[in-house]
Amino acid sequence: VITVSADAWSSALTSFRSCGHGRLECVVYLVGPVDSPETITNAVHPVHASSARHYEVDGAWLTQFWLDLRADRTTVKTQVHTHGGRASHSKRDDDGALVYRPGFLSLVLPGFGLDDNCLDGAFLAELDDEGIWQEVALTERLQWT
Amino acid sequence: MEPEKSMTENHGTREHFEVVVTFNASEEELGVRPAEQVSKMLEAVIAKFHLTSQPHQMGLFTSSNIQVAGRLPNGQDLHQTVEEAKIEPEQVLVLRQVVVSGGRQ
Numbered sequence: 105v106i107t108v109s110a111d112a113w114s115s116a117l118t119s120f121r122s123c124g125h126g127r128l129e130c131v132v133y134l135v136g137p138v139d140s141p142e143t144i145t146n147a148v149h150p151v152h153a154s155s156a157r158h159y160e161v162d163g164a165w166l167t168q169f170w171l172d173l174r175a176d177r178t179t180v181k182t183q184v185h186t187h188g189g190r191a192s193h194s195k196r197d198d199d200g201a202l203v204y205r206p207g208f209l210s211l212v213l214p215g216f217g218l219d220d221n222c223l224d225g226a227f228l229a230e231l232d233d234e235g236i237w238q239e240v241a242l243t244e245r246l247q248w249t
Numbered sequence: 049m050e051p052e053k054s055m056t057e058n059h060g061t062r063e064h065f066e067v068v069v070t071f072n073a074s075e076e077e078l079g080v081r082p083a084e085q086v087s088k089m090l091e092a093v094i095a096k097f098h099l100t101s102q103p104h105q106m107g108l109f110t111s112s113n114i115q116v117a118g119r120l121p122n123g124q125d126l127h128q129t130v131e132e133a134k135i136e137p138e139q140v141l142v143l144r145q146v147v148v149s150g151g152r153q
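So the protein lines, in turn, are chains H and V. The numbering used here puts the last residue of the first sequence at 249; the count rises by one with no breaks. The numbering used here puts the last residue of the second sequence at 153; the count rises by one with no breaks.
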């Protein structure tokens with residue numbers, strides 16, 4: 105189980121609200137030290153385009169992000185993005201994720217992440233060994249401090 | 049008399065050399081040949097990182113974000129050799145999804 109720090113989660117929610125304004129999708133990457141695989145210490149908000157029904161991360165930003173992670177010995181452990189309505193893992197989510205390595209987690213929040221209790225309706229998907237996203241229970245993979 | 053330089057010592061005519069590829073803070077060294085197609089290089093590095101899905105959507109990029117291997121956002125595949133891509137010994141390349149997106153639609 106990966107532990108998400110309170111600061112990282114607070115930062116993620118702040119990004120969803122300040123960037124999405126309750127009407128646009130938004131995405132953040134939860135990162136932590138390479139040497140501490142079960143710890144998330146920060147939320148990184150990428151440069152991205154968005155609408156009420158999609159987001160797309162800027163490619164140049166992503167290249168630099170990968171170089172920064174290498175330099176910092178920090179790795180993305182979970183991607184989190186919002187949907188306007190209920191949370192699910194759409195075909196677009198399946199095809200456009202950041203990382204395709206078995207065990208990678210993708211968390212989707214409902215209602216643009218506005219509600220403080222948005223984890224109640226969240227959808228967590230995990231990439232399996234066959235490269236297929238499978239729904240998993242939140243409490244089996246993530247916990248919050 | 050100065051010893052003659054071997055093929056592998058001469059930068060311009062190397063038979064093979066190493067590059068470093070980084071992916072989500074992991075990194076792998078990859079041996080490449082100047083005449084090798086970048087598509088083969090991409091396949092090799094995807095296998096090294098044990099990426100099991102979406103290989104056709106991956107690309108290799110320089111630190112200046114110039115794509116040197118993989119499928120371009122317009123759907124065209126890059127067909128060029130390592131030499132044509134101007135990939136240099138010990139160069140650090142980024143392996144990433146060409147397009148990262150999501151959403152309800």
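Hints were generated in silico from the structure; no laboratory data involved. Computed from a predicted model, the values in this text were never measured in an experiment. Hints may be right or wrong, so weigh each one.
Residues of chain H placed beyond 12 Å of chain V at every Cβ, according to the derived structure [unchecked claim]:
1. Ala110
2. His158
3. Tyr159
4. Asp219
5. Asp224
6. Val240
Here are the simulated SDA-like pairs of lysine to any residue, each with C-alpha atoms no more than 25 Å apart in a straight line [said to hold, decoys possible]:
7. Lys88/V - Gly235/H
8. Lys195/H - Glu239/H
9. Lys96/V - Glu230/H
Stretches of chain H that chain V covers, calculated by requiring three or more beta carbons in the stretch to come under 8 Å of a beta carbon on chain V [stated by the list, open to error]:
10. 114–128
11. 160–168
12. 173–181
13. 195–207
14. 231–239
Positions of the beta carbon are idealized from the N, C-alpha and C atoms, including for glycine.
Going through the hints against the structure:
With a least beta-carbon separation of about 23 Å from chain V, Ala110/H lies farther than 12 Å from that chain, consistent with its non-interface assignment. With a minimum CB-CB distance of about 3 Å to chain V, His158/H fails to clear the 12 Å threshold, and the non-interface call is violated. In this structure Tyr159/H is not separated from chain V by more than 12 Å, as the shortest Cβ-Cβ distance comes to only about 6 Å. In this structure Asp219/H is separated from chain V by more than 12 Å, as the shortest Cβ-Cβ distance comes to about 17 Å.
Consistency note on Asp224/H: stated as away from chain V, and its beta-carbon is indeed over 12 Å from all of that chain's, at 19 Å minimum. Its beta-carbon lying about 17 Å from the closest one in chain V, Val240/H satisfies the requirement of being farther than 12 Å from that chain. This hinted pair checks out: Lys88/V and Gly235/H have alpha carbons roughly 21 Å apart, not beyond 25 Å. Of the pairs offered as hints, the one joining Lys195/H and Glu239/H holds, with about 14 Å between alpha carbons and a cut-off of 25 Å not exceeded.
Between the alpha carbons of Lys96/V and Glu230/H the distance comes to roughly 21 Å, so the proposed pair stays at or under 25 Å and holds. With 0 residues having a Cβ less than 8 Å from any Cβ of chain V, the region 114–128 of chain H misses the three-residue criterion, and the hint is violated. Counting residues of the region 160–168 of chain H whose beta carbon lies closer than 8 Å to any beta carbon of chain V gives 7, which meets the minimum of three for the stated coverage. Counting residues of the region 173–181 of chain H whose CB falls under 8 Å from any CB of chain V gives 7; the rule of at least 3 is met.
Requiring three or more residues with a Cβ within less than 8 Å of a Cβ of chain V, the coverage given for the region 195–207 of chain H holds, as 10 such residues are present. With 5 residues carrying a beta carbon less than 8 Å from a beta carbon of chain V, the region 231–239 of chain H meets the three-residue requirement, and the given coverage holds.
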